[in-house]
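Put together the whole structure using the sequences plus the hints.
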Amino acid sequence: MPITFSVNGVPQSADVDPSSFLLYFLTGQLELNGPKFGCGQLQCGACTVLVDGMPIRSCRRPMNTVQGREITTIEGLGTPENPHPIQTAFIEEQAGQCAYCISGPMLYGKVFIDNNPGATEDQIIQALNGLICRCYTHLRMVRALVRYAQGVRP
Amino acid sequence: MTREQGRSFTLGAMTADARTALERAGFSRRDFLKGTGALVVGFSVLGRLEIAGVPGKAAAQPLDVPLNQVDSWVAIGADESITGYTGKCEFGQGFRTVQYQLIADELYVPLERVNLIVCDTGVTPDQGTTSGSQSHPTEFGPNGLRQALATARERLFLMASDQLGVPVDQLSVSDGIIFVTADPSQQVSYGQLLGGQQFNLMVDSQAVPKDPSQYTVLGTSVPRYEIPAKMTGTFTYVQQVRVPGMKHGKVVRPPVVGATVIDLDVHSVENLPGNPQVVRVNDFVGVVADSEWEALQAAMALQVTWSEGVTLPAQSDFYSYLRQQPSRDAYTVLNDDVDEKFAEAASIVGPLTYLTPYQLHGSVGTSCAVADVQGSGPNGTARIWSATQGVYPQRDSVAMVLGIPNENIEVIFFEGSGCYGINGADTVSFDAALMSQAVGAPVRVQLTRHDEMAWGENFGPPYSIDLRAGLNEQNDIIVWAYEGWTDTKGNRPNATTPGNIITGALAGFPTPPLVPGGGGPPNSYSNNGNSDSSYGAGCVRGTCGGTGTISSESILTHTIESPFFTGPLRSPGRLQNTFANESFIDEIAATVGEDPIRYRLRHLSDPRLIDVLNGAANAANWDTRPSPKPGNPPTGVVTGRSAACVLYEGDNGYSAMVVEVEVDQDTGQVTVTSVVACQDSGPVSNPDGLRNQIEGGTLQGISRALMEEVTWNDQQITSDNWIAYPVIRFGGRLPAFQSVLNNRLDQRQMGAGECMITIVAAAIANAIYDATGARVRQIPFTRQRVLDALAMRGRAAK
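In the order they appear, the protein sequences are chains A and B.
Residues in the first sequence are numbered from 1 upward in steps of one, following this note's numbering.
Residues in the second sequence are numbered from 1 upward in steps of one, following this note's numbering.
Keep in mind that the hints were calculated from the coordinates and are not lab data.
Ideal Cβ positions, reconstructed from N, Cα and C, are used throughout, including at glycine.
Be careful, since some hints might not be right.
[As the list claims (entries may be wrong)] Now the in silico label distances, taken between C-beta atoms and shown as ranges:
#1 A/Leu42 <-> B/Thr711: 20 to 30 Å
#2 B/Leu67 <-> A/Gly9: 43 to 53 Å
#3 B/Pro607 <-> A/Asn116: 47 to 57 Å
#4 A/Val152 <-> B/Arg280: 50 to 60 Å
#5 B/Ser526 <-> A/Met54: 53 to 63 Å
[To be verified] Examples of chain B residues toward chain A, derived with CB under 7 Å:
#6 Gly233
#7 Gly362
#8 Arg449
Following this line, the structure appears as structure tokens:
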């Protein structure tokens with residue numbers, strides 16, 4: 001029986017090995033470019049997507065656990081022409097080098113700040129705990145998140 | 001996103017935009033280069049070979065793009081579009097944007113009108129590899145893009161002079177329109193002058209590029225062109241190149257180093273979904289299936305019987321092993337009076353030994369390539385989408401691997417995950433090519449994390465370095481001796497050496513062995529490897545090329561054969577050498593009770609190196625005093641500060657840094673709390689881009705200094721994931737950071753990407769000493785090593 005769920009607002013019906021991992025469906029069948037394979041071991045965060053609004057590592061998320069869920073990738077936030085405010089913040093801070101890792105810092109940061117609009121810089125850094133950026137654009141990514149936080153504060 | 005959008009590459013690859021622009025302007029790049037000027041449409045996102053008319057079938061013809069022809073570098077369309085061509089690729093360092101700036105500035109055209117085609121064999125000039133912080137010096141140098149642009153501009157002025165009937169010196173230019181200075185209504189555009197024709201012009205070494213003081217686009221922080229696409233998930237990395245009919249491959253590497261295939265049971269996968277096909281070429285084994293998931297399952301299921309491997313040298317005493325093998329020896333400097341100076345020295349410091357382990361590039365995305373190989377032999381063709389640092393070297397090495405003439409091969413660069421040197425980009429391109437050739441369909445291969453870390457990369461090599469110095473009565477250093485041991489196996493692949501990387505070797509191509517020998521005095525001075533310290537005068541045959549005052553030196557490097565593949569990793573060899581040299585100068589300063597920056601300045605002669613060191617010191621409000629810091633207690637958390645500096649590669653970027661650290665003397669934990677970095681790379685092309693490189697290089701350097709070390713047991717690499725190979729991640733405290741840019745408009749452009757990382761480990765080791773009086777001489781400075789050093793206090797060798 002196909003697994004049904006939505007990705008970036010579009011309903012999907014997946015007839016796949018239910019034990020296969022979400023990332024392979026997103027990058028294979030849907031040809032999405034936002035979530036990326038980094039380690040396949042929950043160690044780096046390059047494959048991060050939102051499931052019902054919460055960041056998860058899609059590289060080990062079995063397809064049979066996404067039935068009925070809403071999945072959002074960074075493509076679902078905005079476009080180059082009409083970026084989401086968090087994407088605007090990353091663009092304005094030039095917060096990337098290769099930026100292959102970007103789904104992790106952007107999505108973990110966004111969810112934390114959305115839920116904690118008054119978060120301090122230290123708290124934001126903690127929210128990214130464990131993510132890996134090997135170009136070490138950490139300073140700029142944190143600046144981008146602080147900038148985003150300033151925008152969402154009431 | 002629809003499949004069409006996924007394949008459109010519109011935002012991901014500027015190449016497609018550039019090609020579209022070129023097409024709009026009525027050019028075929030290939031025909032353009034041949035000089036036929038024929039109008040061709042049909043540039044495909046899938047690559048140049050499509051335009052030969054037979055998809056997947058290359059036309060056999062020379063694909064030479066001569067460096068000495070203006071048309072190899074720039075095309076100006078009848079529609080005023082400007083298309084540049086470059087062999088310097090983008091890896092996230094921002095150099096693509098700098099090249100846009102260079103074209104806009106040198107040709108006086110708006111940035112928006114400029115396109116750039118990057119790293120595509122037969123289309124872009126063969127500039128070798130994008131490496132070694134050589135992009136700036138090359139493209140702004142006599143054989144690079146800037147000289148071609150200057151030649152083009154001078155030709156356009158001559159043409160305008162003819163057409164408008166006024167001398168060149170009475171003409172001006174703005175936005176690609178040349179006009180009579182006194183009467184701007186008399187004007188002609190570049191597009192009108194060329195009429196869609198090519199320049200047919202040799203690059204003129206006498207053409208005068210714009211003076212950097214006149215730059216209006218260079219020197220400004222133009223935002224990186226591809227950042228919006230990267231931040232919105234629309235950028236196409238090589239990991240996301242998708243071509244029709246593409247299958248997915250996974251490699252099956254040996255379980256232990258040196259194992260060879262004894263038997264392979266293809267039946268073990270035949271009932272699995274995805275139509276798995278097994279590929280074997282000598283000891284190269286791979287599985288191809290319809291989807292990536294299916295390929296992964298099949299690769300795990302495939303039964304291969306491997307031979308025993310080799311016994312690896314024990315890691316626990318590897319640094320001793322390094323010194324006991326037959327070596328190839330090379331002196332950087334060998335002055336006649338070294339023994340004499342040591343004999344007359346009032347005091348001697350050392351020998352002290354500094355150790356750096358094998359380290360990984362450790363790209364956050366594993367390496368990936370797509371290959372479409374049809375057939376073999378003289379009529380075979382291949383097209384490879386790769387994140388290689390050198391499309392031409394890869395084309396030529398793949399030709400040997402596949403047995404296909406190189407003129408039938410196109411290598412198209414697509415950006416991958418940041419590489420920092422020779423990660424798995426070339427080896428995975430071989431993987432994809434071998435599998436595609438075997439199954440006769442396009443194959444995409446992305447390595448697993450284990451394969452990337454244990455069987456993908458050429459590691460950065462280890463170093464063990466002894467340093468010794470003699471001082472006179474005034475505590476000036478009068479003699480300096482460096483003796484270093486490192487190792488090597490393989491390197492970048494080229495036309496004759498596919499065995500330089502793992503897949504080439506597995507497929508049966510020999511890895512050239514290290515030939516012991518050498519060791520004579522040098523013929524000339526080159527400090528390209530930074531084995532000579534900043535304080536050496538570097539005197540060879542009566543000419544002194546160093547940045548310092550010590551005129552009696554012996555600088556000798558021994559290289560042995562490595563058990564693992566090695567190759568360039570950001571600041572290759574220079575980081576290891578500079579860790580030793582910049583730690584040792586600090587140790588000498590402490591020994592004689594001098595302030596470490598003042599003591600450095602006493603032995604420096606190069607004014608620009610002096611300037612960056614002072615620049616960092618001033619910006620950091622340097623506290624002038626000897627190390628260690630007085631009054632710090634022997635337990636608990638203490639702070640310290642120190643410095644380091646270097647002229648990268650002896651001629652390619654001046655860097656200095658002041659760092660502050662916190663050391664928890666109870667746990668051994670080191671935290672870098674503040675960094676002030678000062679860089680002089682000549683004229684700054686893009687200040688924000690340079691700062692991004694300085695920041696990233698420094699933080700990556702902190703990770704390498706504190707955390708990173710390849711590990712192995714008697715048979716295999718064990719550091720094959722991010723737990724076993726710890727790196728600095730998000731979550732820890734970030735240092736306060738200040739970059740000082742010494743913008744030297746009167747100097748030539750130098751590199752920057754590898755400069756600052758070179759000095760980080762030494763700066764941290766020196767600051768740990770300042771804080772604690774304990775000296776760490778082995779990278780990485782793990783908690784245990786720091787605790788061991790703390791326990792040694794008061795017993796250190798002098």
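**Request:** Identify whether the interface hint at arginine 449 of chain B stands, where standing means a beta carbon of chain A within less than 7 Å of its own.
**Result:** Holds. Min distance 4 Å.
**Item:** Distance restraint evaluation - leucine 42 of chain A, threonine 711 of chain B, Cβ atoms, bounds 20 to 30 Å
**Value:** Taking Cβ atoms as reference, leucine 42 of chain A and threonine 711 of chain B lie about 21 Å apart, which means the hint holds.
**Prompt:** Holds or violated: glycine 233 of chain B as interface residue toward chain A, Cβ cutoff 7 Å?
**Reply:** holds (3 Å)
**Request:** Determine whether the Cβ-Cβ distance between serine 526 of chain B and methionine 54 of chain A falls within the hinted range of 53 to 63 Å.
**Result:** Because 56 Å falls inside the window, the suggested range holds.
**Message:** Within 47 to 57 Å: is that where the Cβ-Cβ distance between proline 607 of chain B and asparagine 116 of chain A falls?
**Reply:** holds (51 Å)
**Restraint satisfaction for glycine 362 of chain B [CB to CB of chain A, less than 7 Å]** = holds (6 Å)
**Item:** Range hint 43 to 53 Å (beta carbons of leucine 67 of chain B and glycine 9 of chain A) holds or violated
**Value:** With Cβ atoms ~50 Å apart, the hint holds.
**Cβ separation of valine 152 of chain A and arginine 280 of chain B, checked against the hinted range 50 to 60 Å** = holds (55 Å)
Against the hints set out earlier in the document, no violation occurs for any number.
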